[in-house]
Amino acid sequence: MRRGVVVAYLVLALLPICLFGVEPGQSLYNQGRVEGRELMAMLRGSATETPARLVPCASCHGLRGEGTTEAGVQVPALKSSFSDSELSRAVIDGIGKDGRMLHPSMPSFPLTDQELSGLAAYLRTLTDSDYRAPGLDGKTINIGIALGSRSELAKAVKQAVEAEFREINQRSGIYGRQLHLTPAHSNQDLAKNVFAIVATLDQAGAPAGVPSVGPVSSAAANPSTYTLVASVTDQIAALGEYLSTQQLRRIHWVRAKSPFDVEAESAWVDLTKRHIVESSETKAGADALLFTGSVTDLERLLREVPNVPVATLHLIAGSKVFDWPAQDRRRLVVAYPALLPSQIGPAALGLGDTPMPFLVSRAVGTAAAKVVIEALKRAGRDLTREGFQQALESLHEFRTDLVPLVTFGSRRHAGVRGAYMVSAETNGYARLTDWVNVED
Amino acid sequence: MVDQDGRVLRFYTDLVKDQTVAIQFIFTSCTTICTPLGATFHHLQELTSGVDRRRLISISVDPEPDTPAELRKFADRFGARNGWTLVTGERVDIENLLKALRAFTQDRSAHSAMLLIGNDRTNRWTRAYGLSPAESLRALLREAAQGNK
Chain S
1 MRRGVVVAYL
11 VLALLPICLF
21 GVEPGQSLYN
31 QGRVEGRELM
41 AMLRGSATET
51 PARLVPCASC
61 HGLRGEGTTE
71 AGVQVPALKS
81 SFSDSELSRA
91 VIDGIGKDGR
101 MLHPSMPSFP
111 LTDQELSGLA
121 AYLRTLTDSD
131 YRAPGLDGKT
141 INIGIALGSR
151 SELAKAVKQA
161 VEAEFREINQ
171 RSGIYGRQLH
181 LTPAHSNQDL
191 AKNVFAIVAT
201 LDQAGAPAGV
211 PSVGPVSSAA
221 ANPSTYTLVA
231 SVTDQIAALG
241 EYLSTQQLRR
251 IHWVRAKSPF
261 DVEAESAWVD
271 LTKRHIVESS
281 ETKAGADALL
291 FTGSVTDLER
301 LLREVPNVPV
311 ATLHLIAGSK
321 VFDWPAQDRR
331 RLVVAYPALL
341 PSQIGPAALG
351 LGDTPMPFLV
361 SRAVGTAAAK
371 VVIEALKRAG
381 RDLTREGFQQ
391 ALESLHEFRT
401 DLVPLVTFGS
411 RRHAGVRGAY
421 MVSAETNGYA
431 RLTDWVNVED
Chain X
1 MVDQDGRVLR
11 FYTDLVKDQT
21 VAIQFIFTSC
31 TTICTPLGAT
41 FHHLQELTSG
51 VDRRRLISIS
61 VDPEPDTPAE
71 LRKFADRFGA
81 RNGWTLVTGE
91 RVDIENLLKA
101 LRAFTQDRSA
111 HSAMLLIGND
121 RTNRWTRAYG
131 LSPAESLRAL
141 LREAAQGNK
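Chains as they are written, first to last, in the numbering used here: chain S, 1 to 440; chain X, 1 to 149.
The set of hints was computed from the structure by calculation and includes no laboratory data.
Remember, it's a predicted structure, so these values are computed and weren't measured experimentally.
One or more hints might be untrue.
Said to hold, decoys possible - Short derived list, chain S residues pointing at chain X, Cβ under 7 Å:
1) A47
2) T50
3) S59
4) L63
5) E70
6) P76
7) S105
8) A156
9) W253
10) G387
11) D440
As the list claims (entries may be wrong) - Below, computed lysine-lysine pairings styled on DSS-like, alpha-carbon distance capped at 30 Å:
12) X/K73 / S/K257
13) X/K73 / S/K273
14) X/K73 / X/K99
15) S/K192 / S/K155
16) S/K273 / X/K17
17) S/K79 / S/K155
The beta carbon of each residue, even a glycine, is placed where N, CA and C say it ideally should be.
Build out the structure end to end from the sequences listed, making use of the hints.
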């Protein structure tokens, strides 16, 4: 049992992310991004230059080119097709099809011919009612999963997702479409052929424009990525909130180099700025220590500084803590970003009640599959990627019993925010609190 | 009222009194016109930096979701520095303020793209289109500031 618990804990140390676009016209339309440079837009009204990513086409014309009205400005729908030269006149020169100047709120974008053709091609997909996203036809929805090099773990997660898909397919699928899971090595390999990506452990290179629902513990900047495991920033925010409720308000942050430095810094600045905790200059003057760094440094710190509570992350403490002397181990307050293994019944995964390796990752994978299925149902028969993302963003406190309640929104792609506070006992973690929720 | 750093403030006493100000109306989840409005204020801030008694004010017309943290993100997006204050608060207070400034609308999306430019000392106030070139807004601010002792 012990080993099962340890392995389950270990596998949460999944992560990193990065991003770059593939489908150029779509990246440009949705995010104002082009390959190889920062595109600058000229705001014609105020003669001001601003990065195009702040004013992408979709922000005013809508993800499906539906247009809108705001502050007395009527943003037209983009339903009729544009020739390349018409598009060039509108986007670069600010002149409409009818030869009149466009409203000054329409920025001008200095696009190359190639970028313009890419944009024109993407606009045609918006105006063509028969257009279907990649990986989608009348009978199937193709969902990708990248396995990477973590093969045993990834295989276990893939099985978990397959089990969910099989169940829904046996009940005639979603609006008559069967879910098909396509495995590949990397996200880039998947980008062209799948409608969406599920439960991929390593989100590196998750392509912009392809919706992706997965664990990802880092704050994801990619606007089509949705996460189910709390970010490091949120975990540290939850630690701060908890320490403060325990009257441990003067905190000294012991920071050794770690992959979480940027996120930890952002949480710390926020905690001190909002006076949730007070920064103590010295260890001696502190009620508690916050630690980020390596597990070896953590072990040394516990030996060096007796009697003071030390707050840290499960991502740092890992499974080694269980080998440490009780008096050291018990001073730890650990933030845990998902449901604990003890909260996940193997039965909930439909796999009997034998302990199994990769339990937590399987749970997150199954939860990701459930979230994808729910959003596909909500998105309806006329499925588009944009509609699917809107459906994801309508999920409010969605219950999977495999991860904490999931809430997404147009500005909230981290579905799970906060952490459990746990203490490291001989047989695994014990919960000190209910889920400590954090919001901005 | 609260600003982007969570500081509690009184609108007139802390922001407007004795100052020459430009006031705009935004909300942070607005994806259309608020971005050009923010960029315009950024440019105006660059043009007027170092000038004494000038203040730029962005008032949120959607106060509940626009927490100080959201205002801070908006401010950071446009490089807001000292002298550019973003304001939110209780809905009733914000509504009263907007009514007093004749900028209240029931629907947040119908919020005004107008700027209010004025000088508290001389009590000279004018309105301008929020997407006007920053240079002409600077000229209006200068004009408003004239008459200061």
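Against the structure, the hints come out as follows:
Against a cut-off of 7 Å between C-beta atoms, the interface hint on S/A47 holds, since the closest Cβ of chain X lies about 4 Å away. This hint holds: S/T50 has a C-beta 4 Å from the nearest C-beta of chain X, less than the 7 Å allowed. Because the beta carbon of S/S59 sits about 4 Å from the nearest beta carbon in chain X, less than 7 Å, this interface hint is met. Restraint check, S/L63 versus chain X: the minimum CB separation of about 10 Å is more than 7 Å; hint violated.
Restraint check, S/E70 versus chain X: the minimum CB separation of about 5 Å is within 7 Å; hint holds. Nearest Cβ of chain X to the Cβ of S/P76: about 12 Å, over the 7 Å cut. The hint is violated. The beta carbon of S/S105 comes within 6 Å of a beta carbon in chain X, closer than 7 Å, and the hint placing it at the interface holds. For S/A156, the shortest C-beta to C-beta distance to chain X is roughly 38 Å, which exceeds 7 Å, and the interface hint is violated.
Annotation: interface hint on S/W253 violated; nearest CB of chain X at approximately 21 Å, more than 7 Å. Hint on S/G387 is violated. Least Cβ distance to chain X is approximately 18 Å, over the 7 Å limit. Against a cut-off of 7 Å between C-beta atoms, the interface hint on S/D440 holds, since the closest Cβ of chain X lies about 4 Å away. Restraint check: the Cα-Cα separation between X/K73 and S/K257 comes to about 27 Å, which is no more than 30 Å; the hinted pair holds.
Proposed proximity of X/K73 and S/K273 is supported: the alpha carbons are some 15 Å apart, at most 30 Å. Of the supplied pair hints, the one linking X/K73 and X/K99 holds, its CA atoms being roughly 26 Å apart against a limit of 30 Å. Distance restraint check for S/K192 and S/K155: the Cα-Cα separation of roughly 22 Å lies within the 30 Å cut-off, and the hinted pair is therefore satisfied. Distance restraint check for S/K273 and X/K17: the Cα-Cα separation of roughly 27 Å lies within the 30 Å cut-off, and the hinted pair is therefore satisfied.
Taking the CA atoms of S/K79 and S/K155, the gap is about 44 Å. The hint is violated against a cut of 30 Å.
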